[in-house]
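Visitor: Build the full structure now, drawing on both the sequences and the hints.
Quick mapping for you: the protein sequence lines, in order, are chains A, B, C and D.
Counting in full-length UniProt numbering, the first sequence runs from 1 upward without gaps.
Counting in full-length UniProt numbering, the second sequence runs from 1 upward without gaps.
Counting in full-length UniProt numbering, the third sequence runs from 1 upward without gaps.
Counting in full-length UniProt numbering, the fourth sequence runs from 1 upward without gaps.
Any given hint might turn out to be false.
It does not matter which identical chain is meant; a pair holds if it fits inside one copy or across any two.
[What the hints assert, rightly or not] Cross-link-like lysine-lysine pairs, in silico, PhoX-like; alpha carbons within 25 Å at most:
hint	residue 1	residue 2
1	Lys299	Lys239
2	Lys56	Lys147
3	Lys147	Lys111
4	Lys207	Lys164
5	Lys239	Lys195
6	Lys195	Lys207
Treat the hints as calculated values from the structure; they're not laboratory data.
Number of protein chains: 4
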Amino acid sequence: MQIGMVGLGKMGLNLVKNMIRNGNEVVAYDLNADAIAEAEAAGAQAATTLQELVAKLDAPRTVWVMVPAGAPTDSTIEELTNLLSSGDYLIDGGNSYYKDSLRHAEMCEAKGINFFDCGTSGGQSGALEDGNFMIGGTSAEAFEHLKPLFEGIAEKDGYLYTGKPGSGHYMKMVHNGIEYGMMEAIGEGFEVLEKSPFDYDNEAVAKVWSHGSVIRGWLMELAEEAFAQDDNLDNISGKMFSSGEGKWTLEEALDQQTSTPVIAAALLNRYRSMEEDTFTGKVVSALRHGFGGHAMDMKK
Amino acid sequence: MQIGMVGLGKMGLNLVKNMIRNGNEVVAYDLNADAIAEAEAAGAQAATTLQELVAKLDAPRTVWVMVPAGAPTDSTIEELTNLLSSGDYLIDGGNSYYKDSLRHAEMCEAKGINFFDCGTSGGQSGALEDGNFMIGGTSAEAFEHLKPLFEGIAEKDGYLYTGKPGSGHYMKMVHNGIEYGMMEAIGEGFEVLEKSPFDYDNEAVAKVWSHGSVIRGWLMELAEEAFAQDDNLDNISGKMFSSGEGKWTLEEALDQQTSTPVIAAALLNRYRSMEEDTFTGKVVSALRHGFGGHAMDMKK
Amino acid sequence: MQIGMVGLGKMGLNLVKNMIRNGNEVVAYDLNADAIAEAEAAGAQAATTLQELVAKLDAPRTVWVMVPAGAPTDSTIEELTNLLSSGDYLIDGGNSYYKDSLRHAEMCEAKGINFFDCGTSGGQSGALEDGNFMIGGTSAEAFEHLKPLFEGIAEKDGYLYTGKPGSGHYMKMVHNGIEYGMMEAIGEGFEVLEKSPFDYDNEAVAKVWSHGSVIRGWLMELAEEAFAQDDNLDNISGKMFSSGEGKWTLEEALDQQTSTPVIAAALLNRYRSMEEDTFTGKVVSALRHGFGGHAMDMKK
Amino acid sequence: MQIGMVGLGKMGLNLVKNMIRNGNEVVAYDLNADAIAEAEAAGAQAATTLQELVAKLDAPRTVWVMVPAGAPTDSTIEELTNLLSSGDYLIDGGNSYYKDSLRHAEMCEAKGINFFDCGTSGGQSGALEDGNFMIGGTSAEAFEHLKPLFEGIAEKDGYLYTGKPGSGHYMKMVHNGIEYGMMEAIGEGFEVLEKSPFDYDNEAVAKVWSHGSVIRGWLMELAEEAFAQDDNLDNISGKMFSSGEGKWTLEEALDQQTSTPVIAAALLNRYRSMEEDTFTGKVVSALRHGFGGHAMDMKK
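Guide: What follows is the structure in structure tokens.
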């Protein structure tokens, strides 16, 4: 089928290639001309404005938005709701907060545009070859129109229509919350091994755990690859950046009054990693000194 | 090769079948006559005492102990060190605490017996078909003798000689610590979905997450199977039993002064699940009532 | 001085008594006529509408709002901003979310009304005798006018002008976050004692810890009182209700990317206490069964 | 009464002064001659060996051991059990692990020596003036003999005979576990304030919270003192040392299978504070990079 792709970052461009390889026709747009050129090189048709992109698509049109969550997605979707027509399809494949998607869905519904919030997992390699997609939106019937697209670009059994608008991004949010917990668990395990009285070869450990163990999975395979390049990860620091979905998952849990201690601990440990030192620690240290005369670590 | 198997529980018996299918000869012993009969039916030779088992093996003998960790393993290994001879091989494939294995290794070393502490992962299906083994012990040279055995019963690339005695069970302990964290993360994620404003089909969620997502792996596949049988898990309670290795991992972390908040939270949440109610909660509730007159939940 | 008190619940009524005992004149209003009658009995003048309350005060008026946070406080303050005049004083002594207070401050500022967000601690006994107040608002100069009021109703050194509008309720929010952590720590300690091999008398423990120990403080004194009434707290359940400020503190920490593991754990443990059982636990139990054949606790 | 004091560190010396001020006679011994001289200056009689100390006491003798927990306490108590006689009193006032105290109690019992494990709280100032003592040991009857001593050196109502041997140090262990949780909660709260949009004066905050708030107590007063000296604690780092009792409390909770998430989080956060960076963080960062191409923080 024919898809208009808006946003040609690393994920968007890989999706374009994936779509084309699977027999789709893509009209590609980005603010960055080089990215458009790359998409053209991959076989896409170029569009230099959203108007042009929409104009180059036959009705009913399908537009896939793959731009950063928040303001960029907001303004892109707003503009597209003005350009698209009733019966068209608008897919937000980015990492939008599900409450934003609820809003976007309403905006589209008002115009008769079919809106789908599509959480995308599988990383860059998944985008390129066999992605993973959880898609909420207008209706199961409307989703039938998009099935051939996902059937092609997804890993076998790797996509799901999740129900009402918002449910796709919500499920992707929770997916990432789980991911935070799993990654931290793996990291902690390797740290215990690192400080053990034994002398483990991290790459070999990750490799054997990737073959037949209970904790095998893609993350362990990625650990093997990472250790293959730098067995003690000497070249990087332990700063753990985060891009919002772990936080959203915890906030959602708080709103539900659901106890999620592992997701919370994983998220807070990321925040901790961004700090050289903490005021919490200073206060505790000062209190210990206050009652027990215990030594404090003085700044030079 | 020829192996003496001591302990024919669900793991031991599956290993016997796995070994025989891979061309090994097994002499099998258990306290339970029915289990011995099952092993015989699977092609093993029966032994009704440890003495008989040892007598039926040609030197250098290889004996695999697969009995519950703690006292049963202790006494079995003690007895075997008296029956085996210098140059023989003794494998503890159970879930022994690594400090016990250090002790067992010393006992064996004193007699010239090669000792290997073998952590076994992959569950019952792994034991039966393609197991996962992390094996510490006497020396890499001595391990060469056992390689053909593991090459057969393990998943391809699914075994590793981990180094000095104790390092195999230590690595298995940490494997389980990671497992605790990952399982709890997955559980929390499904609980957030369960309480969400959307209506997810848990089996479908676990299935799509098993195909191409970042969090794919065996645990997610097992979740799919569990939900396939009972989509809301209505038939079971949320009591999370534990068998020691998560606790050992945390205790080890404490001894190392390693911060492992996710493994700790996962373990403590298992303990919490075994309680109907907590004294902690009563105290907090009574304190809130004390200063603010807040309502308490009275026992009828 | 003369104060109009809006809201005569347990905290409001105690404050009225405290104010009167300290030589202030109070005009009291509540939706509930009985509460007004109680205030009258305590020496206050009654008002049956907000209009009447405002009319009975001399300019510059001081009105203290002590109604539930959220919608009730919102509508009360909205109505009062219409009734009060430039130069009047409006104090929100409730547990409002500080972002609501920022909004209220703006509304007041637009009318020239001095707004103060006053976090109130010390519980019911504090309200009655020697309260604790953290007060943000319009300006330090404007606060001078209110000082005599707080000097009287507060414990000595028990009030503070905290700065800009919002800072009073923000500080009260954090106070409660700390309180959550402290209470949970105390509860956990008593639970460990409860399950110890020893036979402690909880009341005696709390009493001795209240006299000279490092962890002495009001919460420990309240624990002593609670145990004096019911040494094993047999009459109450461990359900730990919460009224929002712990959650706000954690949400604020998340927005700041501050790692607050103890406040998070205390809050999540409250949520956990409200559940009989968890879906998390069911999933973990099902996964354990899936790979290891471990027993699950079946629902009858 | 007459007491032999073994160990004249900061706690021991303060106790000597406290005992003398309360009308007791003290024979003091330490490995360090200067410390003995200080004790003499405070009115104690000097002893330069344990033998001499014991010889200078009248039967039934009372010896208070105040040396570092572990090996020093072990060897001191072992030596004293040889020097003391049936009917004498031996008090371990240090921070011994309660299982060590159980052992010490047995050793003493075998000789007919009354043994008391005395947890000491209240810090250095408490040792000097009004300490806090939780004392397990031989029997309530035997404790009667020591009551006058504790009645003098303790804060009013600040000592308790807690029951069987071990119960004193056990209770002190739990006291410190609670202390860890409370201190971390206080630290986290001040960190949230520090990063807030407001400009709090930490000393003023701690002061007002010390006067009438729910979270008032000695720790908050110590916070006030610490901030009075250095309002932003600029001169110290946030390294939080620990001396064992928080760890013991958590280990005890694990053995009981008691869920103590706040005590665990507080302890692990101390360990985290001792590290510049973590291997956990490196692993998580490498995994994020692996699947998403997310930027890592490279070591220069």
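Visitor: Which numbered hints are broken by the structure, listed smallest first?
Guide: none
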